[in-house]
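J.: Chain residues, written in single-letter form:
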Amino acid sequence: MPVDEKKNVSARKATIAVLVDNEPGVLARVVGLFSGRGYNIDSLTVNEVDASAGLSRITIVTSGTEMVIVQILAQLQRIVPVHRVCDFVTQGLHVERELALVKVASSGDKRVEALRIADIFRARVVDSTIGSFVFEITGSLDKISAFVDLMRPLGLVDVSRTGVAAISRGPDPI
Amino acid sequence: MTDKQMTGSEILVKVLQDLGVDVIFGYPGGAVLPIYDALCQQNSLRHILVRQEGAAVHAAEGYARSTGKVGVVLVTSGPGATNCVTGLADAWMDSVPVVCLTGQVPTHLIGNDAFQEADTVGITRPCTKHNYLVKDVGDLARIIREAFLVAASGRPGPVVVDLPKDVVTAAAAYTRPSSPMQHPSYNPRLKGDHERISEAVDLLAGARQPLIYAGGGIINSGPAASQLLTNLVNMTGIPTTLTLMGLGALPASNRNFIGMVGMHGSLEANMCMHDCDVMLCVGARFDDRVTGRTDAFSPDSHKIHIDIDASSINKNIHVDVPIIGDCGYVLEHFIKLWKSRQARCDGDALDRWWTRIDEWRQRKSFSYKPSDTLIKPQLALEVLNRHTSGRDDVYITTEVGQHQMWAAQFLHFEKPNHWMTSGGLGTMGYGLPAALGVQIAHPDALVIDVAGEASILMNMQEMSTLAQYRLPVKAFILNNRWMGMVRQWQEFFFGGRYSESYMDSLPDFVKLAEAYGAVGLRATTPDELEAVVEEMIATPRAVIADIVVDPDENVYPMIPAGAAHNQVTMSPDEEVVLDQAHREEGMVLV
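Chains C and A are the protein sequences, given in the same order.
Reminder that position 145 of the first sequence reads as 145 in the working numbering, one-by-one numbering, no gaps.
Reminder that position 561 of the second sequence reads as 561 in the working numbering, one-by-one numbering, no gaps.
Pulled out of the complex, with its shape left as it was, chain C reads as follows (with noise of 0.2 angstroms):
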């Protein structure tokens, strides 16, 4: 029966792989169908992952209805250097992790208490000067999220994160 679901139904997340041919244009491609058919773009990262192959792999976390997200799954598949397309909520399991590196300059108690939260949330310093600290913190977007929010009264000066990274949980590709 038809059902309006772009008006009637509510927005959920999707956290999608794209396995592509790593060549010249092929991230623009990808970046150009979100833009030009109006899906949004929460969270994007692109590394080559199989070098003799010549694989990328993009991860793209967005969101929409539904019907949006079938959509947007559907258009990727269409694009002539894509091999894989995966939707992670309609897949199963999966791990997703993201990677923050922030840069705190304070000094006194605010120094020591960041470095006690950044103990708290197991975040390494890479780097150091007796005025700041950059921290390197792993983890769920939501323990990055609180990290920083918590470092913005000790001195926050910058933030650096790469997006959300994914695989599928258990012994399978993907």
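Simulated from the structure, these hints should not be mistaken for laboratory data.
Model, not experiment: these values are computed from the prediction.
One should not assume that every hint holds.
[Stated by the list, open to error] Label-pair distances were calculated between CB atoms; the ranges are:
1) A:G138 / C:Q91: 37 to 45 angstroms
2) C:A53 / A:A173: 19 to 27 angstroms
3) C:V95 / A:S185: 19 to 27 angstroms
4) C:G54 / A:R344: 49 to 57 angstroms
5) C:N40 / A:S499: 35 to 43 angstroms
6) A:K364 / C:N40: 45 to 53 angstroms
7) A:N566 / C:G54: 52 to 60 angstroms
8) C:K103 / A:L33: 54 to 62 angstroms
9) A:P370 / C:D87: 53 to 61 angstroms
10) A:Q17 / C:A53: 29 to 37 angstroms
11) C:A53 / A:R541: 52 to 60 angstroms
12) A:K364 / C:D87: 45 to 53 angstroms
[What the hints assert, rightly or not] Not close to chain A: a few residues of chain C, all C-beta gaps over 12 angstroms, as computed:
13) S10
14) V49
15) Q91
16) K110
17) R111
18) V112
19) E113
20) I117
21) R122
22) I130
23) G131
24) V148
25) R152
26) G170
Beta carbons: idealized from backbone N, C-alpha and C, even for Gly.
Since the structure of chain C is already known, use the hints to place chain A on it.
T.: Chain A only, in chain C's frame:
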């Protein structure tokens, strides 16, 4: 099998020959001079010189749509390539297989803002199925083959191959591959899922008010798919409507054909869409010109959708049984199952359904008020149809606007691939160059561009190409001195404020035809019409027939934007009254 060293240009020409290409539509320029040099040293590839690059793409589209083969374009870098963008977008929207070869500045100059440089791959990425920049002459032959594979297979579409000048002058060995190309990632699905097809057969057999709604996908699947559709329709007796792109997939004379669907479709087709209980959609995409208001679209039907492109399914309208596959394959399978199960729709229910349809039919939704003094555009097309029916060598192209809709309503197509119109993109100026391409593919056929005087001026220069190749294309202009469809919308939706829609200072089309070495004819009153049509058809040269028609005529029936299929405006005497919300919604729709 040769391993001899050849230049990129020679390799290009050789691959095109090996792929069976016989004609290229193009225009030379600096970056493609080496290719043109190679072209003039051989005889099997014919080059047709258009007068503007955009027309080359439309000509290739006309060639492709009338033959089922890939249309090929060759243009230079920069403006040559950017002029092609409209044609590429047109071919993309209407799924037409075109390979467009564009020149590019030498690789070491790319990105330097060199003379006639444009980022062709970047510009054409969103309006092509795929595109390539060839950086190494060693990849050239493979990429050209791949471009043809991608353009022609699956859901067809345009492919651009950008060719830097140093690549086409460099040398490489060329070997003709012995086996057909296999692509590592691109692999369109042809055969539909068996269980889904089985489910669809049961659903359709259980229908009491079934409808088949078929579109351009049937035509793209090849003439065999149209035959299968016709068989299915004849076997089941199910009323069948076609989209603008699908006209000809089922003979217009078939008694089960209920006319075109959509904004200017027949009353019976749109009422059937609204009231049916099972809809079998074959190779159509529930486009907004077909569905009208989506939340009121065919509210009580179960929908089956056959399409080769998974992204067409559930894009606009939710369907119950999606079948991803080629229309031809799926229909063949569907018919086999239908026969083996001895399936049939309930005869009594179907009879009652047809009784209702006949009542809608009797309202004759395409009727118009005749006139003794003014040529009604509908009359002009009725006369044209009378003089062309019964011949199977008639090909019709159109421009875009009112004349296009009237042509779709009043000309009858018995076969696929005989009707070429810009459906998705709605490109004014499409018809004349498309007719040129059709005539190149079918030199002895009667090729007619049903045109409006505004549209045809957008690519009028192609009259010169017709003259050069002695192509006897007929331009049948329904001249109402307005951008008719713009004027119609301004009349309906913008209080009759005719902002910039009047075509002032039109040329004298008879003299214009003569200036291009063609024949110019004119009819201004109904009694002149018959003779002009006869003379146009009988003239073995290019003709412009300037048919001066009633300037105030509008296209009916019409489903106003924001209205549902059962809210059809039939004539100037009646108007669909929409509530405020839907009226406002309609105003922002295109």
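J.: Starting from the range 35 to 43 angstroms, see whether the pair N40 of chain C and S499 of chain A falls in it by beta-carbon distance.
T.: 37 angstroms, holds
J.: Please confirm whether V49 of chain C is truly not at the interface, meaning its C-beta sits more than 12 angstroms away from all C-beta atoms of chain A.
T.: Non-interface label stands for V49 of chain C: nearest chain A Cβ at 15 angstroms, farther than 12 angstroms.
J.: Does 54 to 62 angstroms hold as the CB distance between K103 of chain C and L33 of chain A, or does it fail?
T.: 55 angstroms, holds
J.: Verify the CB-CB distance for A53 of chain C and R541 of chain A against the hinted window 52 to 60 angstroms.
T.: Given range 52 to 60 angstroms: holds, Cβ gap about 59 angstroms.
J.: Would you say the C-beta atoms of P370 of chain A and D87 of chain C sit inside 53 to 61 angstroms of each other?
T.: 59 angstroms, holds
J.: Cβ-Cβ distance between K364 of chain A and D87 of chain C: within 45 to 53 angstroms?
T.: 50 angstroms, holds
J.: Report holds if the minimum CB distance from R111 of chain C to chain A is greater than 12 angstroms, and violated otherwise.
T.: About 46 angstroms separates R111 of chain C from the closest Cβ of chain A, which puts it past 12 angstroms; holds.
J.: Measuring Cβ to Cβ, find out whether I130 of chain C lies farther than 12 angstroms from everything in chain A.
T.: Consistent with the label, I130 of chain C stays out of reach of chain A, its closest Cβ about 44 angstroms off (over 12 angstroms).
J.: Could you check that no beta carbon of chain A comes within 12 angstroms of the beta carbon of G131 of chain C?
T.: 42 angstroms, holds
J.: Just checking, Q91 of chain C versus chain A, shortest CB gap more than 12 angstroms?
T.: At about 17 angstroms from chain A, Q91 of chain C clears the 12 angstroms cut-off, so the statement holds.
J.: Confirm or reject: E113 of chain C is not an interface residue toward chain A, with every Cβ-Cβ distance exceeding 12 angstroms.
T.: Label holds. Min Cβ-Cβ 49 angstroms, cutoff 12 angstroms.
J.: Check the non-interface label on S10 of chain C: least C-beta distance to chain A beyond 12 angstroms or not.
T.: 16 angstroms, holds
In terms of the numbered hints stated before, the structure departs from none.
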